[in-house]
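Chemist: Read off the chains here:
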Amino acid sequence: MEKLPDPVESAEMEAIERMIRQSSMQKTSLSDKIMNRIGEMEMSRTEKYAKNKPNIMKRAALTAAATAILGGGLVGSGFVSPVMADALKQIPMFSTLFEGTSEAAVKAAMDQGLVIDPNLSVTHDGITLKLSDLLYDGTRLSFILDREGVDLPGTVAPFSEREKPEDQIPKGYIKGAEAAGTTLLIDGKDIMKGFENIQTAGFGDFSKRENAYMAEVQFKKPVWGNEFELTIRTEVTGVDEVFEFKVPVKIEDNTVLLKPNATKTLEDFSYNVKEMVITPVTTRLVIDSKGKVPRSPEQSGDYIASMMYYDIVDDQGNLLKQRQVGLFYSEPKTEYHVDELYSPFKETPKTITIKPYTLTVNKNTWKAIGETQGSLGTKNYIKDLEMTIPVEK
Amino acid sequence: MQPIPGEAEEKKAQIEAVIERVQSGDKDAYGLIIRQFERQMYTYCYYILKNHAETEDAVQEIFIRAYLNLHKYSRQVSFSAWLYKVAYHHLINMKKKQGRWVQLVDKCMEEQPVQQITPHDTMIQELLTYLTAEERHILLLKSVEQYSFEEMGEVMGVKSATLRKKYERLRRKLMDRVLEKGEIAHGKIAGSSGVR
Numbered sequence: 001m002e003k004l005p006d007p008v009e010s011a012e013m014e015a016i017e018r019m020i021r022q023s024s025m026q027k028t029s030l031s032d033k034i035m036n037r038i039g040e041m042e043m044s045r046t047e048k049y050a051k052n053k054p055n056i057m058k059r060a061a062l063t064a065a066a067t068a069i070l071g072g073g074l075v076g077s078g079f080v081s082p083v084m085a086d087a088l089k090q091i092p093m094f095s096t097l098f099e100g101t102s103e104a105a106v107k108a109a110m111d112q113g114l115v116i117d118p119n120l121s122v123t124h125d126g127i128t129l130k131l132s133d134l135l136y137d138g139t140r141l142s143f144i145l146d147r148e149g150v151d152l153p154g155t156v157a158p159f160s161e162r163e164k165p166e167d168q169i170p171k172g173y174i175k176g177a178e179a180a181g182t183t184l185l186i187d188g189k190d191i192m193k194g195f196e197n198i199q200t201a202g203f204g205d206f207s208k209r210e211n212a213y214m215a216e217v218q219f220k221k222p223v224w225g226n227e228f229e230l231t232i233r234t235e236v237t238g239v240d241e242v243f244e245f246k247v248p249v250k251i252e253d254n255t256v257l258l259k260p261n262a263t264k265t266l267e268d269f270s271y272n273v274k275e276m277v278i279t280p281v282t283t284r285l286v287i288d289s290k291g292k293v294p295r296s297p298e299q300s301g302d303y304i305a306s307m308m309y310y311d312i313v314d315d316q317g318n319l320l321k322q323r324q325v326g327l328f329y330s331e332p333k334t335e336y337h338v339d340e341l342y343s344p345f346k347e348t349p350k351t352i353t354i355k356p357y358t359l360t361v362n363k364n365t366w367k368a369i370g371e372t373q374g375s376l377g378t379k380n381y382i383k384d385l386e387m388t389i390p391v392e393k
Numbered sequence: 001m002q003p004i005p006g007e008a009e010e011k012k013a014q015i016e017a018v019i020e021r022v023q024s025g026d027k028d029a030y031g032l033i034i035r036q037f038e039r040q041m042y043t044y045c046y047y048i049l050k051n052h053a054e055t056e057d058a059v060q061e062i063f064i065r066a067y068l069n070l071h072k073y074s075r076q077v078s079f080s081a082w083l084y085k086v087a088y089h090h091l092i093n094m095k096k097k098q099g100r101w102v103q104l105v106d107k108c109m110e111e112q113p114v115q116q117i118t119p120h121d122t123m124i125q126e127l128l129t130y131l132t133a134e135e136r137h138i139l140l141l142k143s144v145e146q147y148s149f150e151e152m153g154e155v156m157g158v159k160s161a162t163l164r165k166k167y168e169r170l171r172r173k174l175m176d177r178v179l180e181k182g183e184i185a186h187g188k189i190a191g192s193s194g195v196r
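Protein chains in written order, with UniProt numbering: chain F, 1 to 393; chain E, 1 to 196.
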């Protein structure tokens, strides 16, 4: 995507800074605690200053001034409005519903009810939202809302708009789930509440289409069963009525669940494949790892090994596409719980091979060797850590 | 809230006056200083330490340390910048000393039920993941106290021109994240409760 011009960037940056400034999480003042601890302590060499003690009059004047400061402090402390809280949530970015999915897989998914086109539309106050693509496979729920009737550059308000009072935000922006602007209910139960069963949730512009808003929720475990009524409620800035969609969802559960609990070790590093979930539209891999990532000879000096990443290959050698790859500007930690989604298999394979790899990262610039637009960098596969898992249907 | 220049100067003068009182033995006046700065100090420490219990301790330690060293403070720099310098060094030392322990705390945090983390807190944390430790300090100092590069230079002991460059770089990084609209340009962000 094209970079936005600088003024927009500065406004966004200022909004982020303001958000940090206003996000104070301090609940009670620590002043009394600190003053108690200071209690008996003596400031070293205070005698130096003791000579010029201010007189009574001056002291009274100063107290008044200090009270005024406190008042200012309170006004400035601010709070994070729900609208603001919504802002950064568009950052967990996701790609398309069907990325890496073959036509056959989409067809299978549709046959099994995993992907449906509810073709519902709701209009309030001149703005129409259409619910078209919806995906649910027990592991994740995604849908797209197309917006009509308003001409705005994106479907969600930029940071700089969101902090304005509600009545000054342009009409027609879709509000996300964190601000309770989008609510998802399964059989009437709010599934976003408490984020109890949710691994990640993302809400924001859908990159492949103009005026399209996408929501995706990844669940920790399939708890919602195979048949339910999904309710999507969405609020739009400047519109009083809530846009509500009710969709019956019924899926044929063809999920293959593997619990290999298999471990591979090399030097200090070991990983355990806890779980693999295979559905026609998603592959999910759950791994726990421990220990320092092994380094290759070129990963020395300014170059370090990144955290361990895992590729998945089927018995035909087809590589699955990982949905999100987290890149970090820091040295890897020694313990990870990995829970990642990949593109689906073309068909359920007989065996699956996990190929761990690292990237070679320059620790000054945090750029990986071979990194380009569209490529994470040169993958350093670690043959000794490869693992092949049989699939029993 | 951008302070009006005159107002900021006046506030500065008021704080300096309170400091003078403390320096000349009026211990109780220090409470005013704590209440004036603790909120933003808490935010600064929290985003570096990522843990409330540790942050509470750190904020207390910083104010106590500042109190004990108050005789060293003279008006050449603003009291605010001096206080944050104490904080900056305290946080850096903590990180060095307790690197291992901080990591453990980090892990516990991941295991806490997600609902304990407020959305904006999580989101800012997520953004900060993409910055180096030094960049985090720069962004937080600029955010919480709206410092100029000169003031931040005072706090961190780095030339303001260097800080300006570093700030540009971190801004670029964040904007690449924020403005990226889902295409794989540079990899993607991991889940809010997943790998960190």
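You may find that some hints are simply not true.
What follows is a list of derived Cβ distance ranges for each label pair [what the hints assert, rightly or not]: (1) E:His-89 x F:Thr-28: 24 to 30 Å; (2) E:Val-77 x F:Thr-263: 54 to 60 Å; (3) F:Leu-319 x E:Ala-161: 27 to 33 Å; (4) F:Lys-290 x E:Ala-8: 24 to 30 Å; (5) F:Thr-28 x E:Val-158: 43 to 49 Å; (6) F:Asp-125 x E:Ala-13: 37 to 43 Å; (7) E:Lys-165 x F:His-124: 45 to 51 Å; (8) E:Arg-75 x F:Asp-190: 52 to 58 Å; (9) E:Asn-93 x F:Lys-220: 33 to 39 Å; (10) F:Arg-209 x E:Val-77: 26 to 32 Å; (11) F:Lys-367 x E:Val-158: 20 to 26 Å; (12) F:Glu-386 x E:Val-158: 22 to 28 Å.
Chain E side only, calculated, beta carbon under 7 Å to chain F, not exhaustive [unchecked claim]: (13) Glu-38; (14) Ile-124; (15) Gln-125; (16) Lys-165.
Hints were generated in silico from the structure; no laboratory data involved. Ideal Cβ placement from N, Cα and C applies to all residues, glycine included.
Chemist: List in ascending order the numbers of the hints, as given earlier, that are violated by the structure.
Modeler: Structure breaks hints 3, 4, 5, 6, 10, 12, 15 and 16.
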